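> The chain contents come next:
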Amino acid sequence: QKEVEQDPGPLSVPEGAIVSLNCTYSNSAFQYFMWYRQYSRKGPELLMYTYSSGNKEDGRFTAQVDKSSKYISLFIRDSQPSDSATYLCAMSGPRDDKIIFGKGTRLHILP
Amino acid sequence: EAQVTQNPRYLITVTGKKLTVTCSQNMNHEYMSWYRQDPGLGLRQIYYSMNVEVTDKGDVPEGYKVSRKEKRNFPLILESPSPNQTSLYFCASRRSGGEDTQYFGPGTRLTVL
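Protein sequence lines, in the order shown, are assigned to chains A and B. If you read the first sequence in my numbering, its first letter stands for residue 1, the second for the next number, and so on. If you read the second sequence in my numbering, its first letter stands for residue 1, the second for the next number, and so on.
Hints may be right or wrong, so weigh each one.
Listed next, the in silico EDC-like pairs over lysine to aspartate or glutamate satisfying Cα-Cα at most 16 Å (straight line) [unchecked claim]:
(1) Lys2/A / Glu62/B
(2) Lys69/B / Glu53/B
(3) Lys17/B / Asp56/B
(4) Lys65/B / Glu53/B
(5) Lys71/B / Glu53/B
(6) Lys42/A / Asp38/B
(7) Lys18/B / Glu62/B
(8) Lys69/B / Glu30/B
(9) Lys98/A / Glu3/A
(10) Lys18/B / Glu79/B
(11) Lys42/A / Asp83/A
(12) Lys70/A / Glu15/A
(13) Lys98/A / Glu79/B
(14) Lys42/A / Asp59/B
(15) Lys98/A / Asp59/B
So the derived list for chain A, only partly shown, Cβ under 7 Å to chain B, looks like this [stated by the list, open to error]:
(16) Pro14
(17) Leu47
(18) Phe101
(19) Gly104
(20) Arg106
In case anyone wonders, no lab produced these hints; they're calculated from the structure. Computed from a predicted structure; not experimentally measured. Using N, Cα and C, we set each Cβ at its ideal position, and we do this for glycine too.
One chain only, chain A, in its complex shape (with noise of 0.2 Å):
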């Protein structure tokens, strides 16, 4: 199994929809968690940081963390034809020093 699972897509929304974006992960050390969005040809850039279990908004943007089920979301309200990019999860442990990421998913927003 591997460390992170996460669904590579791609996912096909028309505008306006909620998206809902997920990941697995099997390492219960894990205590930080995030979301980046990466748009292509472009560098992965930070949306969401979240430590431990709970929920974070932030915009149009929530992220959930359910470490019971080691199971996280990234969720996106109104979501818009720029929202189209590749999202990745990433998590890392205790000592914040090793991040590992998901494999990506690619969101498309239909206009």
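Use these hints to put chain B onto chain A, whose structure you have.
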């Protein structure tokens, strides 16, 4: 402007010809890292450095070397490149510990013939 720079952005080379990809950050970050990104395999960490003169292997260190002589620079060295090192490479930096943004460079697309 806070940024991570990489050079070159694109490079085509031949097997066995030593090359260096430079990485520099202007944020006084302790932690720097190199990743490669391949289709279907995602981002994989090659090496990381927690501070000057402190480096450690990531998941895929074979065929690569790094050095951290200054805080701002973290070059990636391929002593004898091979075609399986054809990839998109990213350098990243952040402060050590706690909640903080990891900044990625723009990427270097390397082709080894």
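> Which constraints among the numbered hints does this structure fail? Numbers only, ascending.
Those not satisfied are hints 1, 3, 12, 13, 14, 16, 17 and 20.
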